[in-house]
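Residue numbers (UniProt numbering), protein chains in the order written: chain A, 1 to 290; chain B, 1 to 329.
Be careful, since some hints might not be right.
Claimed, not checked - Computed spacing ranges between beta-carbons, pair by pair:
1. A:Leu201 to B:Ser43: 17 to 25 Å
2. A:Ser119 to B:His32: 19 to 27 Å
3. B:Ile202 to A:Arg226: 39 to 47 Å
To be verified - Over 10 Å on every C-beta distance to chain B, these chain A residues come out as not near it, computed from the model:
4. Thr104
5. Ser136
6. Phe151
7. Lys181
8. Pro227
Think of the hints as simulated: they come from the structure by calculation, not from any bench. Glycine included, every Cβ here is placed at the ideal spot set by N, Cα and C.
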Amino acid sequence: MRKPRRKSVSHLSGLMLLAGALLAAPASATPKRVMSLNLCTDQLAMTLAAPGQLVSVSFLAKQPSLSMLHEEALKYPANRGRAEEVFLNDPDLVVTGTYSLHNTTSLLKRLGFAVEEFSFVQTLDTIPDEIRRMGSLLGQEEKAEKIARDFTSEIESIKKKQCGRRPTVIAYDQNGIAPGKGTLADSVLQAAGFDNIAADLGVVGMAPFPIEEVIATRPDVIIIGRPGETPTLGERVPRHPAIAALPDTRIGSFVPQGSWSCASPSVIEAVRALAKLRAEIAPCPGEATQ
Amino acid sequence: MKRALLVPVLMVLALALFVLSLLVGPADLSLHDSVIGLFAGGSEAASIIMREIRLPRALLGVAIGFSLGISGAVLQGFLRNPLAEPGIIGVSSTAALGAVAIFYSGLAGSSLYALPAGALIGALIAVLILLALAARQGSTLTLILAGVALSSLSGALTSLVLNLSPNPFAAYEIIFWLLGSLKDRSMEHVALALPLMALGWILIAFSARAIDALSLGEEAAASMGIHMGRARLLIVVGVALCVGAATAVVGTIGFIGLVVPHLIRPLTDRLPSSLLLPAGLGGAALLLAADIAARLILAAGELNVGVLTALIGAPFFLWLVTRARREML
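For reference, chain B alone in the conformation it holds in the complex (with noise of 0.2 Å):
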């Protein structure tokens, strides 16, 4: 495929996908009728369906899976490591964890705003971690096994919390902050985290030079005049709005940036920045599939879609593992 299509094309997929997901739902509504009830508004039924629930639905599975992919983009990038994901690498568990922490407690009463705020120190909190790691001992293993240790502990306190809390029902939602879902969303939740990620986006898309002028090492990027200490803040909060914001609301979906970027990559020029926004659209489609799947795949009820992109990516994860081992003997 010629590159200059690449972008282009991945934007009318994701659009296609975005259509699609609109017309996927319980409620047995025509095309006609859809499209009356997303476009003229009122209180008919339709109306309400297209607007409050699958609009939403479909708006947060665009700009999450744009999120987690330009996360996994910018951090393969930035880290020079192949299996950098904001999943894997413990960014996303902590977040959960951040604002399970918040919300559940009734800090904030039962103010929405709880999740977002203890998403983002949770992730923020996450990245500087993993970043003093990788500053120490730049190796791909040690990051990857702090990421591991970072999510198991994320995990299990994220599920203590919820086990913990007073509200009986409280434990019945830790699988939703395991395996993410985009059910019964509302414009709520858009308002809640749409701004914060797209914030997220403009502080990665400044990282660009930044980054490719790292693909030639730190040195190099000195000499070319990159202020490594501002690449790394607007990295480090970029990521952290980005993966916050939208485990705020979705809960832990993992693996959208870890396989994107790499089904993407050899079809770019394989300069990171080039690999930013077609990661993103391709996240945005992958994940926009993955919720049209979870709603179609059982008849009754619906799967958390984190499971979905697990099934797709732990796979896609081994085979990058033991393709990056081949390549070091």
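Chain A extracted, bound-state conformation (with noise of 0.2 Å):
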């Protein structure tokens, strides 16, 4: 009789542990009003906030170029990233980026508003933890999780099925600026199999490369952006004529519009349409006959 009744009583109190735990989590760490004020948190907060949780989200997330959920994003006040907008919206927790609007992020601080700053010098390495660190801060744990696991694997699976070569590539850019080393475009482009030759040459972060050093190289492929609403003369630099006149260059836009400029789930879209574009200029055997 002993042992079952003991064994009752401690399950019981593991029950009331666990109900404990379940019951004063969420009141004192769950945030009800959530606000975002950067372009790359509010990719991660509106893929993982429950409904109702996420109170606002930055302009630019509604602009097609940027943000690939845009749509997703019409739903949601913005914001400018103001320090006064987050003030009227009184949100118990403010989630935006480590470099952009720096004396805001101080003065929310000083103001007593809880603050979390992600940091954008991310590779398609970090961004796993950054949607577990997100998910956790929101009480979705499980749901980052998943989210995170099924992008690690699949990133996998697309690196598995690489063969032959690897095609050289260039990211180009308004004004001629080109990812290099320590960039997510570097990132993407190495797990879709190509080799980033602003990265060979050198390039650390976002930097100018000149136009002659693209057709010195000849790489296979020139990413180049979309045009935006209103022309810039910037956006005509990886639409050079000499650019143009490069006889075996795939040149495009290639990714989704809007799918690089964060690290969030949906670089997953970048990443598939890359390696589609690989597996079109260096098929595996067997493959190129289908």
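Hey, can you piece these two chains together into the complex? The hints should help.
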């Protein structure tokens, strides 16, 4: 008799502890009103937040050219990242980037708001942990864990399918700026099975890359940005006649619009699109005939 | 130096700098590859680099330097004002404002023709305003002060228009419009600007007799049978074409039209008309030299050429101002 009784007691105490934890955690830790001030935290927050939990996203989240989730973003009121807007909204938690709006962040902290900053010097490898971090901030650990795991396993399976030589590529954007080592775009290009010539030639971060060197290295692929609603002179640089004159180079936008502007789960769309392009350029034996 | 030698010497200088400009760039091309690439054509990297990147840049350097030099010379002669120069009197910055207002609004789609169209309108308005002022009150100071006002206003409005553009990348281009650059230009830009500038040179050349006569005063010029209205029209449209087309493709590049005529005037017979061609050639040489330096000074990236011309020109301008004041006293 003793044994079962003791067992039921321990069961019960365990249940109570668990119940206590479940009741206590949402009350103290899970924020009810979250405000995102940064395009990239917008993407993570929109993916993970429970209905009604996210009260505002940045205005940039609604721009199709920058934000993969721009349609989703239309559901939320926009902010321009100003301290006054945060003050009026009075959120329990503010999520923003470490780099952007630095003065606003320190002001908000002084005013007693809970501010969580996300760094955006990121690569594909850091995304799963960023997803988990946002998940735990929003009290959505399970959902985040699943998204993070799916993300990692899809990248792995894409990497496994590659064979043959690694085609060369440069992402050539506004004013001839190219992403080099340490950038999200570079990690996407690597994962999709390309050699990024900007990184090979020593570019670190986003830096200007001379057109002459693009021509001299003759990459297999040049990824250029899409033109904006209104023109700029900078967007003409990747469309320079010298680049168009390269006979064997594929030039195009290739990645879905806004898919790799942020380290968010939707970067996977860019990896998928580029992996497909790579399979066309350097097909695996047997695939070429299909 | 003998006067007869001035033009040939300047031509040789400009030509040498033109060739040097073709040989300077981030891609390491040997002299042999450069020459073969330039003349042979084809789809070799050297050929694309020479023909599509370096040649248009060098051509624009020559043509725009010539335009700015000749515009400075004709304005100084016509306004009888040693400080007149398209940059200082605000023609360049107003041209930039015109180009920016029409191009970035997207009114003309993404067509490059919006640039010269807007710049010509801007330059024309600026020249007309300044001439109206100069006609009413011909003092050196009035013109320069009006130019200062016009430049600051146009510069501010240019920044405003670029900041208001719905395209977030437009604001990065403020520095290009305020401190010009010949970076990454193409044959499209040459085709766009060169015919307009050439027309401007011809119109200015036709005003040569008038500006010579004007150096004796307006009445004397009229008594010599000079049609002042016609001369004014030639100069207004000629300068607007030169400065407008130049600014449309490379942004605002200052001081060339100021420095060059002053350097070359002592070598001429001091008739305003005999300064025109040498000032154009000298302007071409100066802009080519500045553009070569802009590419060489920084190992990574390059300077805006307008920074260099301002570094040369602004001290020169101050020196001219103090000298002009001493002469007045």
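Taking the closest pair, is the beta carbon of Ser136 of chain A still more than 10 Å from chain B?
Fine: 32 Å to the nearest Cβ keeps Ser136 of chain A off the interface.
Would the least Cβ to Cβ distance between Lys181 of chain A and chain B come out above 10 Å?
holds (15 Å)
Against the range 19 to 27 Å, how does the distance between the Cβ atoms of Ser119 of chain A and His32 of chain B compare: consistent or not?
Hint violated: Cβ distance 49 Å, outside 19 to 27 Å.
Was Thr104 of chain A rightly flagged as not at the interface, with every chain B Cβ beyond 10 Å?
holds (18 Å)
Is the nearest Cβ of chain B still more than 10 Å from the Cβ of Pro227 of chain A?
Label violated. Min Cβ-Cβ 6 Å, cutoff 10 Å.
Is 39 to 47 Å a correct range for the gap between the Cβ atoms of Ile202 of chain B and Arg226 of chain A?
Once the Cβ atoms are compared, 42 Å apart, the range 39 to 47 Å for Arg226 of chain A and Ile202 of chain B holds.
Take a look at whether the Cβ-Cβ distance between Leu201 of chain A and Ser43 of chain B falls inside 17 to 25 Å.
holds (22 Å)
Determine whether the non-interface label on Phe151 of chain A survives the test: each CB of chain B must be over 10 Å from its CB.
Consistent with the label, Phe151 of chain A stays out of reach of chain B, its closest Cβ about 28 Å off (over 10 Å).
Hints 2, 8, counting from the list given before, are not met by this structure.
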